[in-house]
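S.K.: Below, each chain spelled out in residue letters.
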Amino acid sequence: MPSLIDVENLTLKFRTDEGLVTAVENVSFSLQSGEIMGLVGESGSGKSVTAKALMHLNASNSVYGEESRITLHTDGGPVDVLSLKNAADLKVVRGGAISMIFQEPMASFAPSIRIGTQMVEQLQLHSDKSKAQAREIAVEMLDRVGISDPSTRIDQYAFELSGGMRQRAMIAMALSTKPRLLIADEPTTALDVTIQAQVLDLMKDLVKEFGMGIIFITHDLGVVAQTADKVSVMYLGKLIEEGPVREVIRGAKHPYTRGLLAALPRLDDLDAPLTPVPGDIPSPLERPGGCVFNTRCGDVIGDACTATVPLEQWVDPTHRVSCHLYDGKRKSGGA
Amino acid sequence: MSGKALISTEGLSVGYRVGKGPFSKSVLKAVDNVSIKIEKRSFFGLVGESGSGKTTLGRALLNAAPITSGSARYDDGEVSYNLTDIDKAQLADYRKRAQLIFQDPYAALSPRMTVRDIIAEPLEVMKITSGRAETDERVREIAARCRLNLEHLRRFPHAFSGGQRQRISIARALVARPQFIVADESVAALDVSIQADVLNLLKSLQADMGLTFLFISHDLSVVAHTCDYVAVMYLGRLVETAPTRQLFAAPKHPYTKALFSAIPSLDPDDQGRAQRLEGEIPSPTNQPTGCKFHTRCPHATDLCRSQEPVMEAVQPAHEVACHRWRELA
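From first to last, the protein sequence lines are chains L and F. Mapping to this note's numbering: the first sequence position 158 is 158, numbers consecutive. Mapping to this note's numbering: the second sequence position 65 is 400, numbers consecutive.
Bound conformation, chain F alone:
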């Protein structure tokens, strides 16, 4: 990629100790050897089935999951932090620069706080503003950007619909003026009619405020419409990364192709069952050898079962981890 990377990781792994007893040695690798670059001011999509490690990767980049090996760096031009070796003061500052928007706007907002207090809380907790007047001003400014009026600020979350609640969540995440936003399935719980509205809002906020998004989603059509760049994950690994258009025009990895063909087409006569995936994503505690996808891949060979593929460049900025992508293309 050409632009300057805001987030870059090199061989990033996140592991959790599992099994019984304090001396258990077995480790569940939720994210395994992931190297990505998220360009500044980009909308970076992360897709994959549940259990693929999307959320864990997002959390690791927010310093909220234990990075076991590899490196992750944040660099916004003003400051630069190594997320695997960050001290308390730096972390406090990083929290202001990197924020999370949750999936479920019904669960993410405290029912006992007014919308104003919900949005103001990050400012107060992180001691960003000095005094109520300044806090109120910041809250009003971001609320207006998220199309919430003064009347809304006085009410409690229960009075709002799903789309409005998600706008409140967005305002709360943006009030500290962060640079980097992890949006984890942020439109998955919304109706289609409202989903488009929230996506348009995220895009315009990104353009106006110069934000960088890591947009985690299982919905490929949403990702296709919002993201500049897409990374596909499977069982903790990256299997393919490419600029959105290139990925959708010419996917290389059999898993990416299968994901695409599983999207229900809006054309009732297009009932192709081609490339339907059999089975389900294996358990991360009991991972297949070789290529992680070989248990479900229709093209798997002995090589796939024994040796793990590495990322290869298809074109500049388009990489795929598959032994057979050339012959299958």
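For reference, chain L alone in the conformation it holds in the complex:
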């Protein structure tokens, strides 16, 4: 079975006054239908830029690498996302086969237009449903995501809903066109833990029901552990480790992934000291040579790390990591 979406050698630079800034470099991954991929990394690691590239949604000053290829497999055959130019062609990746939900639902809904009107508008844009039919679907979706009294709520404005309700409405809107791929960019970060738990449960149920793929962008490894099937860790535009969620969380290979896990306050051991990843993520204008993580890495093994870019190593058939610790450059000792 072909995958849902294939990303190959995605490189994305932004043209700025200071020159070309690399936001994403040589990122490749695939996602299957019904699979949830957690995309993890600090602010500035390129998670959101990567996700937006799937919808060809980055700003006009973006320059894609020549070898970058994103292929979306739809019922009508493969779509070469990066070759899509005009708005009519882009519809399929913007709300059609791919939908996106954002971190701050208040900023994603137009404040002066009723929620229902916005949902109907997007449904009509992506299907040939009549207004009445579209409204019916919208009410159904609001009901499905657990909004009580949906036929009243649909005529309300975003400010009349609470934060959790708004995020539910956002999810309802994103799913109303029955997308094959849902991109969720920090969808629960602005919510309370109790509401976050509800929204995460809802999203897991929806994957089972609709069978779509989800790319879940988050910086919270707890959220990833609870939702994702596989994890991709990004740092400064590079995908540095990818593997099944259990393997990555229990047996992280890359020093950065291990650092992220160690920095997390754990409830099962209140005496464990909090260990920050030292230093700050460098500015994309000053990308370090060699391995991009070498300025903060505690396991630097010599010139290799500062001089050569580590190649991807498969530590097992589903788990890959880009680090010199695993490519034989280390002289002795186990990893």
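Hints may contain errors.
Unchecked claim - Simulated crosslink set (DSS-like; lysine-lysine; CA at most 30 Å straight-line):
| # | chain 1 | residue 1 | chain 2 | residue 2 |
| --- | --- | --- | --- | --- |
| 1 | L | Lys131 | L | Lys178 |
| 2 | L | Lys208 | F | Lys592 |
| 3 | F | Lys592 | L | Lys204 |
| 4 | F | Lys364 | F | Lys592 |
| 5 | L | Lys91 | L | Lys178 |
| 6 | F | Lys360 | F | Lys431 |
Said to hold, decoys possible - A few chain F residues facing chain L, derived, Cβ under 10 Å:
| # | residue |
| --- | --- |
| 7 | Ser385 |
| 8 | Thr403 |
| 9 | Asp532 |
No lab work stands behind these hints: they were computed from the structure. C-beta: ideal position from N, C-alpha, C; glycine also.
For chain L, the structure is supplied; the task is to place chain F on it using the hints.
M.R.: This is chain F only, laid out in the frame that chain L set:
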């Protein structure tokens, strides 16, 4: 608690008049009948969902929210102020002793001021130092404690990352040498990798400078790792207070238990959905009768719906406001 209280409140309430027209009588009680003691040199955590009144309580203790009833007292051994009856001169002095660290280090720092000026501003505004040389010395001293060097002081905030900016905010709050710090969601906007660094810094500053913290957070795992004592709020009320370890080992209130079970576990195989809370925190303008939590509580009875529970001692220093904590334990 055994130690001496720096902050103590008795039945503290904060209300805001809401509704239309100047004669509106309806009052929104953001904080309702809260009695707490914050021991000197402690790290006191305050948790609860948005809308639970955490921030308002913090502001009331800084004399920045209208206290409508009850009392709040500050006593650092040198001076003692009654916050509900404080005169202008006392308030000016209290401002030097009690400071706030904000949540968002991107919004809290003026983009037009250098880091040195940002940190020096409280000294100048409160006329603590007499002359530039003294100001500079104080700024450099606190900057060094917060791991900012002389080069950093010359720059503007835009040149800094989130973690560095939060260190600037901390330096600004501490430059007047306060005793009491309200840290309102001070690490919520930071990446985990940086969050640990800022938490460690706060802890070491507390130990070195003998500070007392009110640490407001919605993140229970952060609170578990930093605070000595935790108070859980719901809809303006305290529902449970206890020493951190005791609270995390044996929570008594159904709300506290639900908060704990909602934390996403780092173990992918631990996908328990037990005790998930239904619904959301009710609006404070339209509060439930009886126990405020009964609308979401899986154990609510008629008693819970009609009569409000009072704080009872579970153990010394561990109190809970629930009619049924004994049978549910």
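S.K.: State for each hint whether it applies.
M.R.: Status of each hint after checking the structure:
1. L:Lys131 <-> L:Lys178: holds (17 Å)
2. L:Lys208 <-> F:Lys592: Measuring from Cα to Cα gives roughly 28 Å; hence the hint holds.
3. F:Lys592 <-> L:Lys204: holds (23 Å)
4. F:Lys364 <-> F:Lys592: holds (25 Å)
5. L:Lys91 <-> L:Lys178: Status holds; Cα separation ~14 Å.
6. F:Lys360 <-> F:Lys431: Violated - the C-alpha atoms of F:Lys431 and F:Lys360 are around 36 Å apart, more than 30 Å.
7. Ser385: Since the shortest Cβ distance to chain L is 6 Å, the answer is holds.
8. Thr403: This hint is violated: F:Thr403 lies away from chain L, its Cβ roughly 26 Å from the closest one there, beyond 10 Å.
9. Asp532: holds (4 Å)
The structure does not agree with the numbered hints 6, 8 stated previously, though it agrees with the rest.
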